[in-house]
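Please work from the sequences and hints to get the whole structure.
Taking our numbering, the leading residue of the sequence shown gets 372, the next gets one more, and so forth.
These aren't lab readings, by the way, just hints derived from the structure by calculation.
Wrong hints could be hidden among the right ones.
What the hints assert, rightly or not - Straight line, CA to CA, 25 Å or less: simulated SDA-like cross-link-like pairs of lysine to any residue:
#1 Lys609 with Thr537
#2 Lys796 with Thr676
#3 Lys681 with Phe694
#4 Lys414 with Tyr486
#5 Lys799 with Met700
#6 Lys609 with Lys796
#7 Lys795 with Gly466
#8 Lys799 with Ile704
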Amino acid sequence: MNLTEKTATTGTMAAQRPEVVDEDLANLDPVEFARREKALLRKIDYRLMPCLLGMIVLNYLDRNALPNARIQGIEKDIGLVGDQYNTAISVLFAGYIALQIPSNLLLTRVRPSIYLPVCMAVWGVVSACTALVQNFNGLVVARFFLGFMEAPYFPGALFLLSSWYTRKELATRTAVLYTGSLLSSGFGGLVGAGVEYGLHGKRGLESWRWLFIIEGTVTVAFALSCIFVLPDFPSTTKWLSQEERNLAAYRLREGSGAQDEERGSLLTGVWMAVTDYKVWLLALIVITKTSAAAVTSFIPTLVATFGYNKVDSLLLTAPPYVFAAICAMSISISSDRRTERCGHLVVPLTFGMVGYIIAAATTALAPRYFSLFLMLGGVYGGFNVGLAWVSSTLPRPMEKRAAALGFVNMVGNFAQIYSPYLYKKSSKPRYLPAMIANTVFVFASISIALFLRYCLVRENKKLEAIETEQTIAETPEKEALSHEEIVLQGAGGVLVLNPGFSDAFGGKEATSNPNYKSYGLHLPYIWCRSSARSPEGIAPLGLATSGSPVTSLLAKTGMRASRE
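Here is the structure:
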């Protein structure tokens, strides 16, 4: 009877009893299992990834419309002065941070296929309404609520990915998301150039107003379509068969040793996250990286210092983002294939640090433009690897993972509140304070990542040592209980090894025979309890000489002499 027939026979019971499903799937032919797993992954990839990718593209288009609108003249049109533009950039993240953790915890209790698209539709409306602002106060209100409604998406997307994909698959899928954000930032410059060229002054509206209207409207339309496509969790996605849902849950249990749908307390999940030192180290890595990555809100501003017109300046913002997207995808694929995180984070960051140093050291056009490639390729090349590191380091329980992802993303985005003020108009064209600060931020991120790796290696060694001790202590008893009675006649008498090993010897001679006591060869699969008939018995885990009756027994029965 194949797995399909078994599933049909057991009905919903198999879904309720993971151990039954696990046994069926574990006993499945490896080739057949790989075929089913590949088919399931393809099905999930085709439904989940296009939705999340489209969402993040529009997320960053709406968020980064303001930097492009700056080149199109929004500062002059609504009368922004001094650091008011920087404040408008910063205030978005005040709203963004407020909803990170509550939203991700709520996501464990609601349907992602409804919750995330609805939030997206609302932020699309807010983005489109930004076209109506007439002054600084209106812009600040619009930006705050845009950030507030965008907050559920990114940590929620990371959480949803970690609910479907195993550790070795996460970095690549996370990279697809971040590649989308980078391409969106580059594509935003192209959209801005097209709007500037074709719509400026149409129906009496400035080009930047058209930019907000177009991008916000597209966001709402896409959000509504995602309601019908985006999956929920493995156990609740209706367009998967019961067999596919079982397989999806089994993959996660095998990868982490726990079932993702097992519910725990939300407050306990938060407490587990905030009291885990690894979460704080990961948050520090992200906040230092994000501090340096805030340069993305000023890429159009930096390019504008090159002296080109509005359209050309917007077009020049695209290539560095395309390069960064290629780096992010390549690095993440390598990270998944090698199942390594730290090195794939540290090496790109080192190149990013070089980019900031170049930008601080010269005002020449070619080196400064080249530095943009190093900045974005370096900082964003390994950015998603750091986020995947969170999920792979803290896989279960799901409440802890959700809280950790929300917490790390929330802490990281605090950087977006203060970092815009590093780019003061008075420091252009080099923006020296910002470039020096970014160099320090990247160096700090590298240092913390290396320290976290050291901590994880040390922790893993401790866990391996404990696991080895437990295996040595438990395995012999399991082996003893699994064998039929075996009788061996040797020089010192008759040795009886029965299923319980509670009575190991068949006669007086055996009790006093030195061959059954502690000599040379370690035999971890021989175990016995002492009894009235043999108070000395065989030493636990047994030891014997190479010529002893016990060794002969191993040779005759084919039992292994050691785990190594």
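Evaluated hints:
At roughly 21 Å between alpha-carbon atoms, Lys609 and Thr537 fall within 25 Å of each other, so this suggested pair holds. As the CA atoms of Lys796 and Thr676 are separated by approximately 11 Å, the hinted pair is consistent with the 25 Å bound. Restraint check: the Cα-Cα separation between Lys681 and Phe694 comes to about 22 Å, which is no more than 25 Å; the hinted pair holds. Taking the CA atoms of Lys414 and Tyr486, the gap is near 22 Å; set against the 25 Å cutoff, the hint holds.
Taking the CA atoms of Lys799 and Met700, the gap is about 32 Å. The hint is violated against a cut of 25 Å. Proximity of Lys609 to Lys796 is assessed by CA-CA distance (about 54 Å); at most 25 Å being required, the pair is judged violated. Of the pairs offered as hints, the one joining Lys795 and Gly466 holds, with about 23 Å between alpha carbons and a cut-off of 25 Å not exceeded. Taking the CA atoms of Lys799 and Ile704, the gap is about 37 Å. The hint is violated against a cut of 25 Å.
Comparing the model with each earlier hint shows violations of hints 5, 6, 8; every other hint is respected.
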